[in-house]
Amino acid sequence: MDRIPILKLRGLLLVTIQVDMHDRLAMQLQDELTTRISETGARGVLIDISSLDIVDSFIGRMIANIAAMARVLDAQTVVVGMQPAVAITLVELGLTLPGVRTALNVDKGMALLEGTALITDADELDAGYAD
Amino acid sequence: MSAATEAAIPRLLSTHQSDLLDEWVREQATSLRSTSKIKESELRSQSAEFLTVLQQATQGGNITDIQGPTYGRVRDMLSDVSRSRSYQGFSPTETAMFVFSLKRPMFARIRKELASDAEGLATVTWAATELLDRLGLYTMELYQKSREEVIARQQEELLELSTPVVKLWDGILALPMIGTLDSARTQVVMESLLQRIVETGAVVAIIDITGVPTVDTLTAQHLLKTVTAARLMGADCIISGIRPQIAQTIVHLGVDLGAVTTKATLADAFRRALDMTGQRDKLNKPRA
Numbered sequence: 066m067d068r069i070p071i072l073k074l075r076g077l078l079l080v081t082i083q084v085d086m087h088d089r090l091a092m093q094l095q096d097e098l099t100t101r102i103s104e105t106g107a108r109g110v111l112i113d114i115s116s117l118d119i120v121d122s123f124i125g126r127m128i129a130n131i132a133a134m135a136r137v138l139d140a141q142t143v144v145v146g147m148q149p150a151v152a153i154t155l156v157e158l159g160l161t162l163p164g165v166r167t168a169l170n171v172d173k174g175m176a177l178l179e180g181t182a183l184i185t186d187a188d189e190l191d192a193g194y195a196d
Numbered sequence: 026m027s028a029a030t031e032a033a034i035p036r037l038l039s040t041h042q043s044d045l046l047d048e049w050v051r052e053q054a055t056s057l058r059s060t061s062k063i064k065e066s067e068l069r070s071q072s073a074e075f076l077t078v079l080q081q082a083t084q085g086g087n088i089t090d091i092q093g094p095t096y097g098r099v100r101d102m103l104s105d106v107s108r109s110r111s112y113q114g115f116s117p118t119e120t121a122m123f124v125f126s127l128k129r130p131m132f133a134r135i136r137k138e139l140a141s142d143a144e145g146l147a148t149v150t151w152a153a154t155e156l157l158d159r160l161g162l163y164t165m166e167l168y169q170k171s172r173e174e175v176i177a178r179q180q181e182e183l184l185e186l187s188t189p190v191v192k193l194w195d196g197i198l199a200l201p202m203i204g205t206l207d208s209a210r211t212q213v214v215m216e217s218l219l220q221r222i223v224e225t226g227a228v229v230a231i232i233d234i235t236g237v238p239t240v241d242t243l244t245a246q247h248l249l250k251t252v253t254a255a256r257l258m259g260a261d262c263i264i265s266g267i268r269p270q271i272a273q274t275i276v277h278l279g280v281d282l283g284a285v286t287t288k289a290t291l292a293d294a295f296r297r298a299l300d301m302t303g304q305r306d307k308l309n310k311p312r313a
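Chains as they are written, first to last, in the working numbering: chain A, 66 to 196; chain B, 26 to 313.
These are calculated hints, taken from the structure and not from any lab test. Built from N, CA and C at the ideal position, the CB exists for glycine as well. Treat each hint with caution, since some may be false.
To be verified - Below, computed lysine-lysine pairings styled on BS3-like, alpha-carbon distance capped at 27 angstroms:
(1) A:Lys173 with B:Lys128
(2) B:Lys64 with B:Lys128
(3) A:Lys173 with B:Lys192
(4) A:Lys173 with B:Lys250
To be verified - Derived, one-sided and incomplete: chain A residues facing chain B with beta-carbon distance under 10 angstroms:
(5) Pro70
(6) Leu72
(7) Gly76
(8) Leu79
(9) Gln141
(10) Val145
(11) Met147
(12) Gln148
(13) Ala152
(14) Ile153
(15) Glu157
(16) Thr161
(17) Thr167
(18) Leu169
(19) Lys173
Claimed, not checked - Cβ-to-Cβ under 8 angstroms is the rule here; a few derived chain A residues that face chain B:
(20) Pro149
(21) Val156
(22) Ala168
(23) Asn170
(24) Val171
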């Protein structure tokens, strides 16, 4: 059975969806990703959907859910590499993924996450000295 | 319909082929006299070919069902004729006359052949009339269809032409929109913009609506959809070129553009885009 690999990359988790997302796979990804976030204490999650050509309302909602769950676990989610057709479909379905950050590719997504992650780290450092 | 009637037409076509051809070509030449869109020799060869294929088609006795298999070549021939005539700028009448002008020579032959048999004359004339009418109508249908194809193609070309996506700067795209935005056009605009975002890796896209005469709720909704789709892909959109009247209309209509960056002019939007991509200072320096 297909599995979606979750790679740990420094403080980030990288999820690359390279197979057709079916419903069970999406549920499984949701399970595994939340587990990995809490295990690794990752501060950022990159979901690369550049090879995803077809999307339905369920998968769209799943992406939004995963982002929301990650946020609850204090990790920023960036969805990267969405195809034009997928973007149009999601908009037509009314799933505009509010609160989910997006980037054109993994590189830009990582820059976005590192930018925010560095700032929060610095804040924590300052707080540590103040104590 | 009796077998005699069915046999009469193909017999006529084969025995009097050359006479029919001469008269028919003359007939056509008079109806097309004012125009010189087609050469006499070409007309003659077209007509000769048509008479031959028509004779072959009617040979089997089928003189009513022009959609039947025996009429395959007749239909192909008519489709070529009507298509080429529609491209050459023939009027509908001129195209239809190709088939209809065959009536006079044909009826003259029938009258001569069946002069003594009044009943037979009426039946065969009626059968011939029906056959030629069907073929004429078929020609017109094809003519109409090829004209529609031309219109559809032009519309498509217009769509493509009217939505260029321009690269303004590293990572900045501009989409100057001109003309009224309807659903079909917005779809093309949206697709071409998103496609270009993927290709160029642009971070900011400026949608300039200076050339859009009116904005209604539908147009505004289309714009918002485009902006949202671009955001899903990871690019920010700026809408620029909003004229005072349009700003008023948008507010009166109660359209919420709150989540979208809007600028009055393309220049303002460009400046903002440079800020967003952190390239503002580059503008003042000469490029290395």
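Verify the proposed pairing of Lys173 (chain A) with Lys250 (chain B), using a straight-line Cα cut of 27 angstroms.
Given pair Lys173 (chain A), Lys250 (chain B) holds - Cα atoms ~23 angstroms apart, limit 27 angstroms.
Does Leu169 (chain A) meet its interface restraint, that is, does its C-beta lie within less than 10 angstroms of any C-beta in chain B?
At about 4 angstroms, which falls below the 10 angstroms cut-off, the nearest Cβ of chain B leaves the hint on Leu169 (chain A) intact, so it holds.
Should the interface hint for Pro149 (chain A) be scored as holding, given a Cβ-Cβ cut-off of 8 angstroms against chain B?
Check passed: Cβ of Pro149 (chain A) comes within 3 angstroms of chain B, closer than 8 angstroms.
Once the shortest beta carbon distance from Val171 (chain A) to chain B is found, is it less than 8 angstroms?
11 angstroms, violated
Is the hint on Pro70 (chain A) kept, meaning its closest Cβ partner in chain B is under 10 angstroms away?
22 angstroms, violated
Can the hint on Gln148 (chain A) be confirmed by a CB-to-CB distance to chain B that is less than 10 angstroms?
Holds - the Cβ of Gln148 (chain A) comes within 10 angstroms of chain B, reaching about 7 angstroms at its closest.
Hold the hint about Val156 (chain A) up to the distance rule: shortest CB distance to chain B must be less than 8 angstroms.
5 angstroms, holds
With chain B as the partner, please determine if Asn170 (chain A) meets the hint condition of a C-beta pair closer than 8 angstroms.
For Asn170 (chain A), the interface hint holds, since the closest Cβ of chain B sits about 7 angstroms away, which is under 8 angstroms.
Does the structure keep Lys173 (chain A) and Lys128 (chain B) at a Cα separation of 27 angstroms or less?
74 angstroms, violated
For the pair supplied as a hint, Lys173 (chain A) and Lys192 (chain B), confirm whether the alpha-carbon distance does not exceed 27 angstroms.
Holds: Lys173 (chain A) and Lys192 (chain B) sit about 19 angstroms apart, inside 27 angstroms.
Restraint satisfaction for Leu79 (chain A) [CB to CB of chain B, less than 10 angstroms]:
Violated: closest Cβ of chain B sits about 16 angstroms from Leu79 (chain A), beyond 10 angstroms.
Hint status (Cβ of Leu72 (chain A) to nearest Cβ of chain B, threshold 10 angstroms):
Since chain B brings no Cβ nearer than about 20 angstroms to Leu72 (chain A), farther than 10 angstroms, the hint is violated.
Hints 1, 5, 6, 7, 8, 9 and 24 from the list above are not met by this structure, while the remaining hints are.
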